[in-house]
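Please model the entire structure based on the sequences and the hints provided.
Chains as they are written, first to last, in our numbering: chain A, 10 to 93; chain B, 10 to 93.
Source of the hints: derived by calculation from the structure; they are not laboratory data.
One copy or two, it doesn't matter: identical chains are merged, so the pair holds either way.
In silico EDC-like cross-links for lysine to aspartate or glutamate, where the CA-CA straight-line distance does not exceed 16 Å: (1) LYS20 / GLU80; (2) LYS29 / GLU55; (3) LYS20 / GLU79.
Number of protein chains: 2
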Amino acid sequence: MARVEVVVVIKSEILDPQGKAILGALGRTGHPGFAQVRQGKHFDLEVDDSVTDAELEEIASTLLANPVIEEWQIRRLPDAAPSA
Amino acid sequence: MARVEVVVVIKSEILDPQGKAILGALGRTGHPGFAQVRQGKHFDLEVDDSVTDAELEEIASTLLANPVIEEWQIRRLPDAAPSA
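Written out as structure tokens, the structure is:
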């Protein structure tokens, strides 16, 4: 068993209304030190050692992300319990 | 300016129906090598150097996450352009 993290974010050239809303809220609540916020999705996967990088790539591009508007990063993590 | 990544995940003792749905879809589409999937949120922040870790912690616990059911990690990233 291995742990894999997949981060899916909206492509930088595409508007991110959720991030914009958070940035607006930060300004209104006394946090002026923020220039940009972009929101994405995070997936924590527990995978067999038999799962290849190619299979992870296929899953990310078909099940986890929408390749038209999103891009993703796949990171294999050291096999430890998730930290708090 | 610095880049900060905040990852928000549902606490491990709380059911994650989105993750369960993805795990089911993986099984049905010929990917049996997955034992668990948990979905969370990912935030990419561009912050002033004046923003302290305490301020980031406050923002994470009030604006980005729901502390009743979620936990989060704050990671300061090397100051580089986001990779594809």
